[in-house]
Amino acid sequence: RLTWAHHFENFLGLKWTAQKRFGLDGLESLIPGMKTVIDVAAELGVSDVVLGMPHRGRLSVLATTMRKDLDKIFYDFHGPPAQSDDVLHGSGDVKYHLGSSTDRGTHTGNMIHMSLVANPSHLEAANTVVCGKTRAKLDYSGDKTGETCLAFLIHGDAAFSGQGIVYETLVMTDLPDYTTGGVIHIVCNNQVGFTTDPQYARSAPYCTDVAKGVGAPIFHVNADDAEAVVRVCRLAMEFRQTFKKDVVIDLVGYRQYGHNEGDEPRFTQPYMYSKIDKHPDSLTIYKDKLISEGFCTTEELQAVSDRVMSILREGFEASKTYSVKESDWLDANWEGFLSAGETSLIQETGVSEDILKKVGKALTDLPEGFTIHSRLKKIFEERTKMGETGKGIDWGTAEGMAFGTLLLEGCHVRLSGQDVQRGTFSHRHSVVHDQLRHNPTPSHTPLHHLEDSQAKFCVSNSPLSEYGVLGYEYGYSLESPQSLVLWEAQFGDFANGAQIMFDQFISSGESKWRRQSGLVVLLPHGYEGAGPEHSSGRLERFLQMCDDRPDEFPEDSSRAIQNSNWQIVNCSTPANYFHVLRRQIHRDFRKPLIIFTPKSLLKLRDCVSSYEEMNEGTKFLSVIPERHDDQLVSPDKIQRLVLCSGKVYYDLIKERKARKVDDVAIVTIEQLSPFPFEKIRDQASVKYPNAEVVWVQEEPMNMGAWSYVQPRIVTTLKDTRGIEPRYAGRDPSASPATGFGMATHKAQLAELLEDVFK
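Read in order, the letters of the sequence shown are residues 1 to 758 in full-length UniProt numbering.
There's no promise every hint is true.
Within a straight-line C-alpha distance of at most 25 angstroms, the following computed PhoX-like cross-link-like pairs (lysine-lysine) qualify [what the hints assert, rightly or not]:
#1 Lys603 <-> Lys385
#2 Lys619 <-> Lys391
#3 Lys361 <-> Lys603
#4 Lys278 <-> Lys289
#5 Lys679 <-> Lys637
#6 Lys320 <-> Lys512
#7 Lys212 <-> Lys244
#8 Lys660 <-> Lys637
#9 Lys391 <-> Lys361
#10 Lys657 <-> Lys512
#11 Lys245 <-> Lys212
#12 Lys746 <-> Lys637
#13 Lys512 <-> Lys72
#14 Lys358 <-> Lys320
#15 Lys357 <-> Lys456
#16 Lys378 <-> Lys361
#17 Lys357 <-> Lys385
Keep in mind that the hints were calculated from the coordinates and are not lab data.
Construct all of the structure, not just a fragment, from the sequences and the given hints.
So this is what it looks like as structure tokens:
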């Protein structure tokens, strides 16, 4: 292994002198150490290893630990021809970010499946992704202790002590709904962070001291002593498997070159590199030791080197004729799901009334003698009535019905986030607590008790973390398409604490790495006078990351979602929310879904649905037409067509009724991205050919959906009417909402409504 690591890095350096590879030079003993962890894991009953690491040393790990074919690795150095079939469906990524999976045999004869998660250059960002994917494997196999699957993380020293995501990962290690039975951490400590010396990078003596907070044993080992590295790695794996706790190995070595191979480290670390220049590499040190102790001859060691070099040269020659195959990118669990180049048919998501009633009843069933809070009792009585009559179904009940019907269909449902069991706004109550018995207080989860054959339902209050927990749920969603995985922010603007996950993984993971995810993100959003905080989920940021073209009317709208990087939805009815959740599962591809969910609408009497909107034959509506045609003039006499999305619809219809206006139609765009070009054309050009088109939003002009929808509405109408939409909403602002109280909020809303109906 040491020979492989050394010669592989040297070979890359000779063949591609000008390319970055972020080599392992100076820490080559990581490779025999990793082999030891994996071999011992297999001996002790582990059948799956999920691996995460940064870019440094990744190519060596791919070649040796992951046993990725050398022609594939070297092909990435050559790069595909411009606009070849290999790059048509996605942007791709640099070679030292790519993931891989393999089934690997061990010296004991046991097979072990290994997955290396793809990662961006944001250090440590993949940590919780690995843990989430590991937990999914454990859950799907029924392993409750972590016996059969291992999360294995490689870190850098400066990143381990400096990046907050490291602590967010550690804090989840023993939490019931997040533990993986212990993580193996190896810190590749090259004693410098890019150009920063340790005394400027951390306050603690050791880069690994952050792990003391969870009581993890920490082993410090010299990377030049290959046998010591192997012994420590064996001990670490045995400890993890015995006690199901995290273990940290501080592998202390150096970085042979600069941050990348073209960087000059002597600008900032001249003394360190004067020492490194004279220091023998770990392979030379170990070969000298073996020869001096009589274990090997020079000829035997040369034969090993010759064999490795021969294999490297063969791989290099094969890479010249290699071509990418779709199977290189697919995990077994995803077989049968469509790639970007295949078309999926739109499916109905309605459910029979009998099933809806069955789930509705289960949502409020309680064990005998179980006493819930008096205020919650009233909520449950109302839900019982909703389930029996099929009328007045509110947001929380519709969500419960979506979850319950999927569980009955065999779909695992997992909802995670801060306070999600009750719900930030006391609307969910998926777990209820007995008010009379204590120590401990008994709890009851209604969706656990639909029927014996149902799928697993997990609703988990997360630690107070956004970045880490969102990454965890993204990783969980990667393992299998047969589950609905959701993360809910306590308030929509808390998503900004997880921006790296949205930017680097969720919005772009499929384009870069051809890895589909059906993750659902719920972001509470809406202006109710609460001030700058917690009013806006920053809709504009998510729309800005959408990759559909604003200036082209799509030729085939049936492929719109498949062609997009993700979906942005702002539902205005509980039924449409029900359908969009079920739609995530009832299709043969997966795509991330960002839902801007309401706050005040959760309990608004006008915001309700019925079984007629959820029954068989119904489905998600990307655009909901005018809902009160019978109260308006004929469509050709409509003077103004108002387009909006989400909660503001209810302010608009209330104002229209108060003003007794009958020539203004109001249409809600439920799916903002991919933009529903055809359906908007049907409304603005066909149904209301003489109407002015107005876009209305609560958010300031520089926020919300305006910048996204405006060019797309123009594109929709340019060949039929040639008009542009008018904006009605708040003026541009640095802050999302006013902080001067309810009176100012109401005055701004009144001004907005006057602008619409004037």
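Each hint, compared with the structure:
For the proposed pair Lys603 and Lys385, the alpha carbon gap of about 15 angstroms is at most 25 angstroms, so the pair holds. Our distance criterion of 25 angstroms between C-alpha atoms is met by Lys619 and Lys391, whose separation comes to about 18 angstroms. Our distance criterion of 25 angstroms between C-alpha atoms is met by Lys361 and Lys603, whose separation comes to about 20 angstroms. Distance check on the hinted pair: Lys278 and Lys289 sit about 18 angstroms apart at the alpha-carbon level, within 25 angstroms; holds.
With a CA separation close to 20 angstroms, the supplied pair Lys679 and Lys637 stays within the 25 angstroms bound. Taken as a hint, the Lys320 and Lys512 pair is honoured in the structure, with Cα atoms around 23 angstroms apart against an allowance of 25 angstroms. Between Lys212 and Lys244, the direct Cα distance comes to roughly 16 angstroms. Compliance with the 25 angstroms bound is thereby established for this hinted pair. Restraint check: the Cα-Cα separation between Lys660 and Lys637 comes to about 16 angstroms, which is no more than 25 angstroms; the hinted pair holds.
Simply put, Lys391 and Lys361 have alpha-carbon atoms about 14 angstroms apart, close enough for the 25 angstroms limit, and the pair holds. For the hint pairing Lys657 with Lys512, the CA-to-CA distance comes to about 49 angstroms; that exceeds 25 angstroms, so the pair is violated. With a C-alpha separation of about 12 angstroms, the suggested pairing of Lys245 with Lys212 holds against the 25 angstroms cut-off. The straight-line distance between the Cα atoms of Lys746 and Lys637 is roughly 31 angstroms, outside the 25 angstroms bound, and the hint therefore fails.
The hinted pair formed by Lys512 and Lys72 meets the criterion: a straight-line CA distance of about 16 angstroms does not exceed 25 angstroms. As the CA atoms of Lys358 and Lys320 are separated by approximately 60 angstroms, the hinted pair breaks the 25 angstroms bound. The hinted pair formed by Lys357 and Lys456 meets the criterion: a straight-line CA distance of about 20 angstroms does not exceed 25 angstroms. With a C-alpha separation of about 15 angstroms, the suggested pair Lys378 and Lys361 falls inside the 25 angstroms cut-off, and the hint holds.
Our distance criterion of 25 angstroms between C-alpha atoms is met by Lys357 and Lys385, whose separation comes to about 10 angstroms.
In summary, the structure is inconsistent with hints 10, 12 and 14 from the numbered list given earlier, while agreeing with the others.
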